[in-house]
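Based on the hints, put chain B in the right spot on chain A.
Chain by chain, the residues:
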Amino acid sequence: MIKLLWVDDNLNQDLAEKRMSLLMEDEIESDFAGDATEAYFLLTDREKEYDVVLMDLRHPAGPDDIWNDYAEQADRKFGPVLLRMVKENQDSKFNHLSKTRYGVFTIETKEENPDLFVPPINLPEQNYKMKTHAYDEKDFINFIYALYKS
Amino acid sequence: MNPTLSPALLEQVRAAYEQISGLPFPVHATLSDGTIFLANKAAREFFAMPQELDLEGINIQNFYEDSREREQVLRKLRHSPPGEWHNNITIRLKVGSEQRKSRLSTLPFFDPNNGHLAAMLNITSSMTDVEWFAEFEDTFDAGFFELDELFSITSCNAKTAEILNYTDKNALFGKPVSELFWEAGQVKTLRDELLSTQHLHNRRLKLRSKGGAMVIVNMHCLAVPDETGLITRAKGVIRDVTFDIIAKDVPVGLFMVTTNAEGEEIFSRANEAFAHIYGFQTEEEIIGRPINEFHVSPAVYADFKKALDEAAENDLPLLDYFLDMKDVHGKKHNIVTNVRYMPGENRRLRVGVAYDLTDHVGKQLRILEADFGALLHTYIATVNGLRDTMGMLIKAHGYDVMANEKHIDRSITANQLSGHIKRLGSLLTELEKTGAERGVNEDFFERIRKPWRRLTEKQMEREKDNASWARRNMIEMRNALDALKKTGLPRELLKSVRTEVDEILRLTTVTSLSLSLDELNERIPEFYYFRDYLRRKETELQDAKPQNIISILLDATQFLEEFASIRKVAILHHLNPNEHVMVNCNKASLNRAFSCLLHNAIKYSWSKRGDNPPYIDIRVDKKADTMEIIIENWGVAIRRQELENDLIFQFGQRGQIADDRGRSGTGIGLYDAHNIITKHGGTLRLTSEPTFGNPLEVYSHPFITKAFITLPIVKQP
Chain A
8 MIKLLWVDDN LNQDLAEKRM SLLMEDEIES DFAGDATEAY FLLTDREKEY
58 DVVLMDLRHP AGPDDIWNDY AEQADRKFGP VLLRMVKENQ DSKFNHLSKT
108 RYGVFTIETK EENPDLFVPP INLPEQNYKM KTHAYDEKDF INFIYALYKS
Chain B
23 MNPTLSPALL EQVRAAYEQI SGLPFPVHAT LSDGTIFLAN KAAREFFAMP
73 QELDLEGINI QNFYEDSRER EQVLRKLRHS PPGEWHNNIT IRLKVGSEQR
123 KSRLSTLPFF DPNNGHLAAM LNITSSMTDV EWFAEFEDTF DAGFFELDEL
173 FSITSCNAKT AEILNYTDKN ALFGKPVSEL FWEAGQVKTL RDELLSTQHL
223 HNRRLKLRSK GGAMVIVNMH CLAVPDETGL ITRAKGVIRD VTFDIIAKDV
273 PVGLFMVTTN AEGEEIFSRA NEAFAHIYGF QTEEEIIGRP INEFHVSPAV
323 YADFKKALDE AAENDLPLLD YFLDMKDVHG KKHNIVTNVR YMPGENRRLR
373 VGVAYDLTDH VGKQLRILEA DFGALLHTYI ATVNGLRDTM GMLIKAHGYD
423 VMANEKHIDR SITANQLSGH IKRLGSLLTE LEKTGAERGV NEDFFERIRK
473 PWRRLTEKQM EREKDNASWA RRNMIEMRNA LDALKKTGLP RELLKSVRTE
523 VDEILRLTTV TSLSLSLDEL NERIPEFYYF RDYLRRKETE LQDAKPQNII
573 SILLDATQFL EEFASIRKVA ILHHLNPNEH VMVNCNKASL NRAFSCLLHN
623 AIKYSWSKRG DNPPYIDIRV DKKADTMEII IENWGVAIRR QELENDLIFQ
673 FGQRGQIADD RGRSGTGIGL YDAHNIITKH GGTLRLTSEP TFGNPLEVYS
723 HPFITKAFIT LPIVKQP
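Protein chains in written order, with this note's numbering: chain A, 8 to 157; chain B, 23 to 739.
Chain A on its own, in the form it takes in the complex (with noise of 0.2 Å):
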């Protein structure tokens, strides 16, 4: 069973159908955030040992106050500031999360985010997937499993 989050503010729209063909796979045991703050809690939620965790770039900071120090710097794109703070304490408060792959769906592109593919966050290439490029469910649900395998 692959355990996955997926974070992304557009789960209820245009991901919605997306988002129901995951339930239709009983290998994936999925959990979805819509914003930076639920994304956070389930991330720092210890029972939940993720495999597979799917990140969208941009999305809204939600209702905790701790984002307000990001958003400046963030600018609504708070996908690499949690990857950040997941890998850089990948030995203290996420170490639970030690073994997870992680993914990125957007509709930006790699050039957009060299970050994202250097420390701390240290993206594997294969790892980023653009919405247009796995518009198909069978594409989309074939990364979910290749990320699992990375």
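The hints are simulated quantities; they were obtained by calculation from the structure and are not laboratory data.
Possibly wrong hints are sitting among the right ones.
[Said to hold, decoys possible] Simulated restraints, written as ranges between beta carbons of each label pair:
#1 His103/A x Leu718/B: 36 to 46 Å
#2 Met236/B x Glu132/A: 52 to 62 Å
#3 Leu390/B x Glu132/A: 47 to 57 Å
#4 Ser573/B x Leu49/A: 43 to 53 Å
#5 Lys385/B x His103/A: 27 to 37 Å
#6 Ser573/B x Ala78/A: 35 to 45 Å
[Said to hold, decoys possible] Here are the simulated DSSO-like pairs of lysine-lysine, each with C-alpha atoms no more than 27 Å apart in a straight line:
#7 Lys480/B x Lys10/A
#8 Lys145/A x Lys486/B
#9 Lys645/B x Lys10/A
#10 Lys428/B x Lys55/A
#11 Lys25/A x Lys472/B
#12 Lys486/B x Lys25/A
Backbone N, C-alpha and C fix where the C-beta goes; we use that ideal spot for every residue, glycine too.
For chain B alone, coordinates are given in the frame of chain A:
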């Protein structure tokens, strides 16, 4: 007389004196203590001493303006070889009340017994100011030159060489000036002008420096013609003004900002182009002005300073920084600036350039807006068509669950769905039983059980997800049922199962269509608003006409009824459609402003009060000269600091909690509404306060938000 001067030495001095005392210069001899013991006629005149006066007791020291200067002269002479004249000693003397800049030529005499300086023979002459400063000739910040009758350079100082990019001034000697002039024919013009006036003042010349660069100089030139009228020589001064001209004429703002003693940043230097950007005619008008007079907001300036300081930390200039500012008339400008702190000034002095991109950006934006407005218009047409098609599909397939002409009744749909699922469950049990009796392979039934289990065991939170979930599983089941056709199971039973599956698919499809239609309808007012914003014309009051504001407000309210019904927000208003309150206005603009404010009120409404739906309340209050419209809603708060700093009225600025529960928006509406209402001579004010008893800054509680719009009324004759 100094007894230490030996007769032999005295005779030596006297002999030397006799040789030159007949020259038309002041010649005098002194002892080392300054006592004058010989002086010719010119010297007596120079020092204002009567010709017949005995020199007893007259000391040259008394003529020095500063006695320390004589000490310096003596120090020089003590280290000089005997018998050699020292020229070019400059001193300041004082004769009576008159100061005299003087040149001293001195021959020192030393006592042969002890080698001490014993006496001096001096030639003293007055100097003009030019002569006095001549020793700075090579370091003075102007070029001096002299030309012969052929206009070739015979002499020049180091600065002339520097202006022309030569490292050695000697390289210029003998060079015809024609080689240094940028344009052919300039020499002739210069010669002709000098012949006619002999003295040219402040003439601008274009020269060619070594290396080929143009140097523009301001020249003063004096010509000496002979008796035949030919110029025998000319001399002059040049000053490099190339960069002064560039600074003055370059069409870009140049500026210097200094922090004064009070810690205030002021413009300390600027060129004319910079002054123009800020709405002034001349640079003098902006010099000394505090720069904060021109900030759009403290936050914008703080951002700029932060970026500048960050660049400075890395020893870099701040480049291509976009800054909004307002000019002296309050008009906003889009500026791009390159700026850096001057080294060694502790960040109290910075220099930079500024370009005004307002018109450029404005033009680009207008094109973009027009294009995007047209595109959005087409898009809205497509969406409207799609909406109608969806409406027809709902009517066609949801004929038995319609609540009215447009909407299905979801509770009826849910009931029917539940009945079909129940019946499907019974039919599947029967099918499995029959299959077992007839020995149908278990695998066929496992393919049916799987979607059935999923459907019955998992309930989604959202209606839309439930419909999608049921549909997905029914599609899977339908495919599994197709495989059962050839297994010998009763056809009627299979058909009944298939009918239930199809009914579930129909009802979930109608539900999904209906929900999607609601989503579409929810977005459509935003599309309309944004299209109208992009296609707007600037609100000009001279184009305005007196119009009934009540009717405009009712139109906007009516337009948003569908949106409010989807959001389940009631619109309460106390408007009398028959009432006429005339306001001088542009109808389309004001409609847009009201639509935006009403749309916000609906969008950000929510209620904690169980079955009581949220509502917005619209009131009008007519006063003597104005009318006030108050739009009130309960729901998402606007943070206090966003209200206090007017951040909500800034272009592109959305409230920090405006995206609560996925509420979308652009951050343009309130800016636009504020702009429109202000241009109509009115005001727009917003308040957002906690509901009764709730704390001030706990924004998870509902807040009462009110928009107060005032507009001047046109009085009926």
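Status of each hint after checking the structure:
Between His103/A and Leu718/B the beta carbon distance is about 38 Å. The supplied range of 36 to 46 Å therefore holds. Against the hinted window of 52 to 62 Å, the Cβ-Cβ separation of Met236/B and Glu132/A comes to about 53 Å, which satisfies the hint. Checked against the given bound of 47 to 57 Å, the beta carbons of Leu390/B and Glu132/A, roughly 34 Å apart, lie outside it. Distance hint for Ser573/B and Leu49/A: a CB-CB separation of about 51 Å, consistent with the stated range 43 to 53 Å.
The supplied range of 27 to 37 Å is broken by Lys385/B and His103/A, whose beta-carbon atoms lie about 56 Å from each other. In this structure, Ser573/B and Ala78/A meet the distance hint of 35 to 45 Å, their C-beta atoms being roughly 42 Å apart. In summary, the hint linking Lys480/B to Lys10/A is supported, as the alpha carbons are separated by about 18 Å, within the 27 Å threshold. At most 27 Å may separate the alpha-carbon atoms for a hinted pair to count; Lys145/A and Lys486/B meet this at roughly 21 Å.
Restraint check for Lys645/B and Lys10/A: not satisfied, since their Cα atoms lie roughly 64 Å apart, outside the 27 Å limit. For the hint pairing Lys428/B with Lys55/A, the CA-to-CA distance comes to about 45 Å; that exceeds 27 Å, so the pair is violated. Between Lys25/A and Lys472/B, the direct Cα distance comes to roughly 20 Å. Compliance with the 27 Å bound is thereby established for this hinted pair. Distance hint between Lys486/B and Lys25/A is fulfilled; the C-alpha atoms sit about 13 Å from each other, no more than 27 Å.
Hint compliance for this structure: hints 3, 5, 9 and 10 are broken, all remaining hints hold.
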